[in-house]
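Engineer: Protein chains in written order, with my numbering: chain A, 1357 to 1839; chain B, 1357 to 1839; chain C, 1357 to 1839; chain D, 1357 to 1839.
Take the hints with a grain of salt, since some may be wrong.
It does not matter which identical chain is meant; a pair holds if it fits inside one copy or across any two.
Below, a list of computed lysine-lysine pairs in the DSBU-like style, where the Cα atoms sit at most 30 Å apart [what the hints assert, rightly or not]:
id, residue 1, residue 2
1, K1597, K1754
2, K1606, K1708
3, K1837, K1767
4, K1447, K1410
5, K1516, K1478
6, K1597, K1478
Hint data in this document are derived by calculation from the structure and do not stem from the laboratory.
There are 4 protein chains.
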Amino acid sequence: MGIRTVEEYKESLRRQSPKVYMDGEEVKNIVDHPGFQVAINNLGVSYELEHDPKYRDIATLVSPLINEEISRWTNIQQNEQDTLAMVRLMKGLGDYFCPCTYRCLTSIALNSSWAVSYDIDKKYNTDYHQRVVEFVKEAQRNDWIIGAASIDPKGDRSLKPSEQKDPDLCLHVIERKKDGIIVRGAKAHVSCGPYAHMLSVRGSSKADESEQDYAVGFFIPVDAEGLIHISKAAPAPNEHKDLENPISSKHGGLVESMIIFDDVFVPWERVFLCGEYEFAPSLSSIRGALHAMHKCMCQWALADLEIGATALIADYNGLSEAPNMRESVGEMIMNAEILHSCAIASALEGWKHESGAYIPKAGPACTGKVFSARKVGDNRFFMQDAAGGLVATMASEKDIKDPKTKGYLEKYYKGREGVPTEFRIRAIKLIEDLIASPYAGWRQAMAISGGGDVRHHKEMAMEDYDLEQSIKKAKIAAGIKID
Amino acid sequence: MGIRTVEEYKESLRRQSPKVYMDGEEVKNIVDHPGFQVAINNLGVSYELEHDPKYRDIATLVSPLINEEISRWTNIQQNEQDTLAMVRLMKGLGDYFCPCTYRCLTSIALNSSWAVSYDIDKKYNTDYHQRVVEFVKEAQRNDWIIGAASIDPKGDRSLKPSEQKDPDLCLHVIERKKDGIIVRGAKAHVSCGPYAHMLSVRGSSKADESEQDYAVGFFIPVDAEGLIHISKAAPAPNEHKDLENPISSKHGGLVESMIIFDDVFVPWERVFLCGEYEFAPSLSSIRGALHAMHKCMCQWALADLEIGATALIADYNGLSEAPNMRESVGEMIMNAEILHSCAIASALEGWKHESGAYIPKAGPACTGKVFSARKVGDNRFFMQDAAGGLVATMASEKDIKDPKTKGYLEKYYKGREGVPTEFRIRAIKLIEDLIASPYAGWRQAMAISGGGDVRHHKEMAMEDYDLEQSIKKAKIAAGIKID
Amino acid sequence: MGIRTVEEYKESLRRQSPKVYMDGEEVKNIVDHPGFQVAINNLGVSYELEHDPKYRDIATLVSPLINEEISRWTNIQQNEQDTLAMVRLMKGLGDYFCPCTYRCLTSIALNSSWAVSYDIDKKYNTDYHQRVVEFVKEAQRNDWIIGAASIDPKGDRSLKPSEQKDPDLCLHVIERKKDGIIVRGAKAHVSCGPYAHMLSVRGSSKADESEQDYAVGFFIPVDAEGLIHISKAAPAPNEHKDLENPISSKHGGLVESMIIFDDVFVPWERVFLCGEYEFAPSLSSIRGALHAMHKCMCQWALADLEIGATALIADYNGLSEAPNMRESVGEMIMNAEILHSCAIASALEGWKHESGAYIPKAGPACTGKVFSARKVGDNRFFMQDAAGGLVATMASEKDIKDPKTKGYLEKYYKGREGVPTEFRIRAIKLIEDLIASPYAGWRQAMAISGGGDVRHHKEMAMEDYDLEQSIKKAKIAAGIKID
Amino acid sequence: MGIRTVEEYKESLRRQSPKVYMDGEEVKNIVDHPGFQVAINNLGVSYELEHDPKYRDIATLVSPLINEEISRWTNIQQNEQDTLAMVRLMKGLGDYFCPCTYRCLTSIALNSSWAVSYDIDKKYNTDYHQRVVEFVKEAQRNDWIIGAASIDPKGDRSLKPSEQKDPDLCLHVIERKKDGIIVRGAKAHVSCGPYAHMLSVRGSSKADESEQDYAVGFFIPVDAEGLIHISKAAPAPNEHKDLENPISSKHGGLVESMIIFDDVFVPWERVFLCGEYEFAPSLSSIRGALHAMHKCMCQWALADLEIGATALIADYNGLSEAPNMRESVGEMIMNAEILHSCAIASALEGWKHESGAYIPKAGPACTGKVFSARKVGDNRFFMQDAAGGLVATMASEKDIKDPKTKGYLEKYYKGREGVPTEFRIRAIKLIEDLIASPYAGWRQAMAISGGGDVRHHKEMAMEDYDLEQSIKKAKIAAGIKID
């Protein structure tokens, strides 16, 4: 029973009652609200794949935990084959034109808490891990979507959590009770908030001994008492058209939220870290490696579509063999290969955590993440350069279809012989959607900042590299005596 | 009387009656139409500067042709001082936050036709140049805006004009009459169409001996009989707000048009090239050098604003001294310096055309153009990286101002001490406008494809370089005997 | 008996009598000739690893063909595990500071001819493959080194082989006899010529139906009658010192040769392609994929040493925590991770050829090759920037050791406290060797041009990519109907 | 009489008796020592130009100080025309294939001390400036070469001068006497030491109030008592050949020295800063701007030769119209244009110092310096990629000329028809010299580290930029109220 349909997903959302604000109004019914439409549509694709014969074998598996067929998104990865399957599953999302569904967050949340709770228990003899195991089973049985609430508003970023004038600028525990904890604060950039089922919440990864209240990790339903979602509408056009915004009218980005924790109670059953500040960094870095691996692939899938769009318009312009077009497409292909290779390498070179979870290698994954953040501009440059001025100047759908202007535009938007003018118009409108729409802007922002900034990922790549070994090699090469 | 005010500009537009379509409707009154508002606002700035005491000295001068004060945009540049003044004038537009007004096209049109008509007359003993002189005087007296209608729809780009199945895919002369010519075809990407006064039209630069009808150059009023403008609304938000879209609601891009030439009559007085195909490339390359020089500066002005925005948000986040922020701002500054240096060098190293017009050097100008097209992605990367996820996730203005959510958002959008939260919100909204708005997308498309593609500018830079001299130097260095 | 020692390798060279010229003289004894010393030393490392307990398990295996322990370099790869083992073996060479031994050519030669001969037999019912099988067994039993003679001098590169005025500018068959063929021409850039045992020779990959004599592939001993090696001395210093040139005095590049085929007889037993021009491209592309995969790893190993050297000198200068040093080392690490990831991905995503040989995937391998060629400059930039002016200005070893100057230099070459000045001197001398020695120049040339030029590898990456699928995806996304 | 000949320069060197060590031996006669030959040859070119009719007008002028014809290198620049003339003079050095003569250091030394001594006098009522004026006159009359001794050995770079365990690791004043000062320490990387006439010496630019003894500036003859030069031989081949090393055998880099100041006496007449630590940074930054401007041009001249060499070999290979060759040459040309534009802009936008000296603008100059340091790798990549494997594999001159091998090599090194094979060989040997010789390594090191590291120049560019104005602009754009 672990596999749901899109309809069941929507039904499950209707049964929830999160407190949500958007554009100055309280949203009671997110399923039918226009600001959420595209985002729910997007996440729905992750359910569709579970029923698509082409992907079912990758998208689902039998869980050893509950001995039932489950979605791969709720699986605890055991080995490199599991992780390589995830790489392929991410490719599948690309085939549906919504490479970024935020469903990867579910997998990241479960696998990272699985590993870190184990480590804490080992040191402190706590019983966090068993709670996580039970939670994972529940997630598997219900085919849950679990959003990520990780990033504090932070205030002055040069200060530690406890140094902020307002102590709430980083989420913290304000009371420990017998049956649970009470937390206060907020989480910014909550990906997949009110249209998920659960949230995975983590406190600061930088808390130290004196600020143990900021070190916390737990799960919570999206409609828990005291949670307030202030959501930003997906960057999608309001009305659906035929030619315009072919991607963004269907899969145009997601809804991001600021979530306020207005003294929220979390039962101990859902807490997996509370005060053990020294494990906060490893929770952050395991999450980071998992996230970066997925990011390589969603960016690959976007790049693959951009490659196709670039080659397509070059063809329609009669230039598919023009050297500069081949140069551009070749650069885009090599950029894509690097992302894919980084994902593959991080999966293959991962490590088996003592808890049984298999964690991708941070070095290649984070390198791929940084590479993709830096190359998003280049890919757009190549695509724009191939498509030319029409990206900015093509007449609107209304003019293209209006009898007063239609004849002129069909005559003059003609490309090479053999290509219907309508096809060329559609190719340009696709590229316009990928470069010059609000969705394009959102994508760019998320490609660069989603999952943490570039410096952070570069640091992770450095930390993962065996620099000591390299230095030792240099010393031997230089003839420097080592003890 | 050569200096107009913004109001006079608008009045002059009301006196014109171009045939314009936008979004499926005929637009009778462009001055008050929402789709043109921002564009007219933008162009108006070029008039404002003529009256701004800070810029008047640069923006205006006394024309030796008519011995009256005129706008610099209608000036025939005589020497490097004139061109350097233009560089400074472009800086002034940046101070008004609309670095790209399209007014540079006026200068490009007048100076290039001035020079090329002289060359044709010299070879063919025609009298084009005197017609251009008269036209320039008229432009100076009326402080005209002259749009550019240069790029043919082209169809299959691997074919020459005459090889297209539909001969109209490149504009051509279909009849030569005693009093003028009749032209048919269309021009794509017409920058500054119906809200200009005149258009400078040129035919293909690739026409050869057998296709002389495609080699043509002339001026024409925007409301000439038979001209049809199919215009695309400026990428600006419909309603004006306080926080959102601070740039694009005022200067959010311009209106681009496809203009149909439905058998349009052009009197000989306005024609300055007709059949002399061997001068079409030099018309194109002189226009190209002038355009690229201006492009360096409008991109510089945009970059300068992006630098400020990046440094500002870093400061508000408490990170103005963080090494990675300084790295980013430093890169952006150096990119800006290169654009500025290319403009300066192209001005200083320009050449005096025999006609008296001074033409900027193509090499540095086109290099700057290519550099800016490639760096637009990098600058956004740095700005996004500094601003972080809020660019994609900040709540809407309505939520920020709504009493139900205002308190939460003011609490949690707080930056470093001493900075009002409202300021930080405004800084983020500015960056969102510069990265993730439709205006941002339009800007990116124009930065890369505006004024011709990158390959074209690279070719121009190569052509301008004294490669023979470099090869000779290499031969001497290698000991290869040269005759 | 398939595993030899370095001594046995040298002995085997003494038993050969290739015709070799270097620096105007005929070299009778290459083993003891100074111009070959470093190259033989380098190749010897590939034998050392076979006996090094740390690498023996990777460097050797039992061949299913002869059921004996053999060197991995002579193995026919069966699956991704074999190829991944090769990736690790290449890492081992890096630990010996000679990442590029040219021994990979042995593996490339055997695996590519194994596959292509099978394909030809299948089409033409020839018996090439069995000859290759026998040759592979011989190579395994003798632990042979097989050099690569692939690139024709080519003459005018815009012309086909048969269009050259001198027909010999590309190697060709001039006579087919009962017992073998006679070939004439030359091969440029022969890596690992007279100090190998055998050469793998291939003709042009561009020969077409009318030039079948240029399509050829065979093995030949380096001392075959009619072969003339004109060799270039390894870029190594003549005299061995203590401080100077720590790498290049031991592993300073290899000897490259032009080999003349002065009407050389090749018995049919050693021929595996002769006239079947349509298989020449696949021989080239399979070789290319194998070569690029190895190249990723030798360049990784070099990069890893450069990373260590950079971090080391930063430390000795007291700057290991300086932000700009961390920036540089971080960039170098990410560049290295990309090379490694490309190698891993090409191994994991390879394909099983019908002949049983496993071929790495060309896309990631060639992408890594191009990436490394482009990044060689960046890595040197970072290393140089960290080490500073001393790379160009440090006094010579003689002055450092001479009593007249020693005291001054030891006083003033001091770095941070705790680091012996001698160590800092050695670190600088290592970096000087890696940037400013003839070896460094040779390395740069080989990194960029070794194994074919960048355009060629980019083309291979493009060919390997499923561009049709990307275009199809773009069409669906744009709403373009596909039949 | 301010203009000397090369012979007079050499004679003047013979009259000097500096204490010099090289390669373990004391060098008594540097003029005839092989280690100095190429360096003296190089510097001699700066004198040749003064007599070359093509450059005389640029290379010389009448000094307003002494009312005699002088070399431009000793001129105090008065305005942008003077600086633009210097840009052109630097081009002239390129025509002689020795773009880097170190003669620019003479100009830098005189102009910077001219300005800074004026500022100090103004504040402290000292009389440094008049001493500098007298020194400049002397330099002009004698057409002196003045080397630069600027960089301290520094020891632990994370510490200030006075924090080093050995106080001598930065040069300092150990005694102030009536007639002069006594200094102790050393200067590393002394460009143009014993083969100059004078040295311009400056102390640390980071000294603060408590370490005034480290703030010092003076001139001194290269053979002053107590000065010890430990010099590194120029990276040039020992024997002169015909084909090999065509550049480096004549202009192959310069001699760099470590100079020990073993308690050296400097008379007050030659001191222009002593203890006024607050002026040390401006001495450093004015020197930096001047140096960076020259650097743009020497790197331009090198790039210009590389462009020629790349286009030449492409032509000889029959590929001058091949798209990838044009791509490469185009990139190199645009890189060169940027360097040139930065030099031009820094000259044109410079500022008039109160002392009368005209100082180039730091922003564009330092940007160009950073750009060139980063692009040195790219240019070599393009050149290597065009030339291909022969750069690493071409037979030696001896084999090319030896009767035993000559016939083969002439046959097989043939390029396109119409090009003598000898020419193609020479073109390759030139490129080998530019990429793979010790000279090439030295050039790379100097391009990156010469004149200070990249971070330093980036900081200077940032400091020069009006960031406050950019931030203000961003604030206005965002609607942030400014007081």
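Engineer: Now look at each hint and say whether the structure bears it out.
Structural biologist: Against the structure, the hints:
{"no.": "1", "hint": "K1597 x K1754", "in the structure": "both (10 Å within a copy, 27 Å between copies)"}
{"no.": "2", "hint": "K1606 x K1708", "in the structure": "neither (39 Å within a copy, 40 Å between copies)"}
{"no.": "3", "hint": "K1837 x K1767", "in the structure": "between (77 Å within a copy, 20 Å between copies)"}
{"no.": "4", "hint": "K1447 x K1410", "in the structure": "within (12 Å within a copy, 38 Å between copies)"}
{"no.": "5", "hint": "K1516 x K1478", "in the structure": "within (28 Å within a copy, 47 Å between copies)"}
{"no.": "6", "hint": "K1597 x K1478", "in the structure": "neither (57 Å within a copy, 55 Å between copies)"}
Of the numbered hints given earlier, the model fails hints 2, 6; all others are met.
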